[in-house]
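We have chain G already, so just place chains U and Y on it with the hints.
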Amino acid sequence: MAMTEARPMMPHESIVVERLNALEERLSRLEAQWQHVQEELPENRASIIVFSGDLDKVLPAFIIATGAAAMGMHVSLFFTFWGLNALKKRRDLSGKGFLEKLFALMTPVGTEGLGVSKMNFFGIGAKLLRTLMKRKQVASLEELAQMAQEMGVKIIACQMSMDVLGLTKDELWDGIEVGGVATFLADATKSRVTLFI
Amino acid sequence: MAMTEARPMMPHESIVVERLNALEERLSRLEAQWQHVQEELPENRASIIVFSGDLDKVLPAFIIATGAAAMGMHVSLFFTFWGLNALKKRRDLSGKGFLEKLFALMTPVGTEGLGVSKMNFFGIGAKLLRTLMKRKQVASLEELAQMAQEMGVKIIACQMSMDVLGLTKDELWDGIEVGGVATFLADATKSRVTLFI
Amino acid sequence: MAMTEARPMMPHESIVVERLNALEERLSRLEAQWQHVQEELPENRASIIVFSGDLDKVLPAFIIATGAAAMGMHVSLFFTFWGLNALKKRRDLSGKGFLEKLFALMTPVGTEGLGVSKMNFFGIGAKLLRTLMKRKQVASLEELAQMAQEMGVKIIACQMSMDVLGLTKDELWDGIEVGGVATFLADATKSRVTLFI
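Chains as they are written, first to last, in my numbering: chain G, 1 to 197; chain U, 1 to 197; chain Y, 1 to 197.
Don't take each hint at face value.
Partial pick of chain U residues on the chain G-facing surface, computed with a CB cut under 7 Å [claimed, not checked]: (1) Val16; (2) Phe98; (3) Asp163; (4) Val181; (5) Ala188; (6) Thr194.
Derived from the structure by calculation, the hints contain no laboratory data. Given the structure is predicted, the values throughout are model-derived calculations rather than measurements. A virtual CB, placed ideally from N, CA and C, is assigned to each residue, including glycine.
Chain G extracted, bound-state conformation (with noise of 0.2 Å):
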């Protein structure tokens, strides 16, 4: 530090160069640690894996993200197994082979195929449970997914379940990702909400 003076400094103006170095270097070093816990403070995300592919489940998966989105949160949705079945839109047979094709023949196609965890009674609780949410007004399952997409939440299909269920990305929705447990851990960790639905 060059300081062109007319005369030596004296004692105290020495101590307060000492004390302004000390303070720079200090202050120094808590800006750096700031950038770090910038860096590791949480964003304003939510990350949610969808295991389940029952709908009186993946609607409440669909209406935690879509609320949150509304809320000007990211929002990462990372579907996995019984998941996977709400986001079939067609049951394709071909390539294939007998275990896989079992599975998909067993499988709901979509949203629209999907039952309630209890009481489904072959169908007429997820029927029941549709009728009495069209009544109140609440918006169906199928409008909050497109609603979902609209609103810029993130969908992320399991490869490795994909892989094992033998589904191909032609046979699920447009406009979604495919990816692992590390891009689901990615989000989830600078998230402040993580569920398992």
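Structure of chains U and Y alone, referenced to chain G:
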């Protein structure tokens, strides 16, 4: 910054003033950012969605809630869909439509009517669990629920589910709140622990 | 603060000292608060309650746990209620009362005995899932569980559930901890990801 001085500042003195100004500015910026961090840090809070109405799942919800409250945490339990069965104090069929009546008759009333999610065998599983808990002197669900309310655990009933199922606030426990997904998210985004049970 | 000086401080010099004092005080306050933030920031940690004893739900618990551990995260898996079935290494009926024996005989032993939550058909669903996983060269539950332990994932068995179900530590895997809800919460409140599976 007014400085009444007898002689003009020396060059090294004006450098000191510049460094002081710079330090004060950096510090003010950091203090402002600090305020922001304070608001963004998760609070000592847990927010739990109780979607399930199964005895074996409502139990851990209350065990976690009372455990967290005992550790000084703020706890919110958001009861939605089947979970609302646990909050029912009586069954009220008056003023309900046919489908709502059907749902009301098909679903249990209050904590004592809940089954277990596995091996329920028309209530035997729930009785077995209750007997085993009593023998080991574990608090019953009713005791835990009362304890939770006394400890200040916030209990919220989901407005939308109440509408869909045709439940009124009178049918539910006293001293609870009614709210929507925004109510849950307002607490959840400030929480360290978020669960969907 | 002793300052040996040849001449009295000029007015602007005493202002400098005042500003230095004020800066140091503000900085010390910020540094103290900083310590507090460091302790309050969530750690690189995931805490997962494994309540379910279904193969299809215990699997994602271990997939997330090993995935998170591979990304350098600290992971705690807290097994409670049906989840304890996955941790059983053998069935031990000695020293058990009648109801505990009944429960022990009715619940599966270890990961190989677990069914799936949907379409189990007395074990066919679980076998089908295992076959599909093997074909796609996805690690089996047993491999994942071993990997998790080797990667340092902390596995905790719920003490209260063990008491209620009459399970002893000898019946469960080696190298696991036994703890209560406080054990879970101690980890969970420091976690970025909390899930109830």
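The hints, checked one at a time:
no., hint, verdict
1, Val16, "holds (6 Å)"
2, Phe98, "violated (10 Å)"
3, Asp163, "holds (5 Å)"
4, Val181, "holds (4 Å)"
5, Ala188, "holds (5 Å)"
6, Thr194, "holds (5 Å)"
Violated hint for the displayed structure: number 2, the only one.
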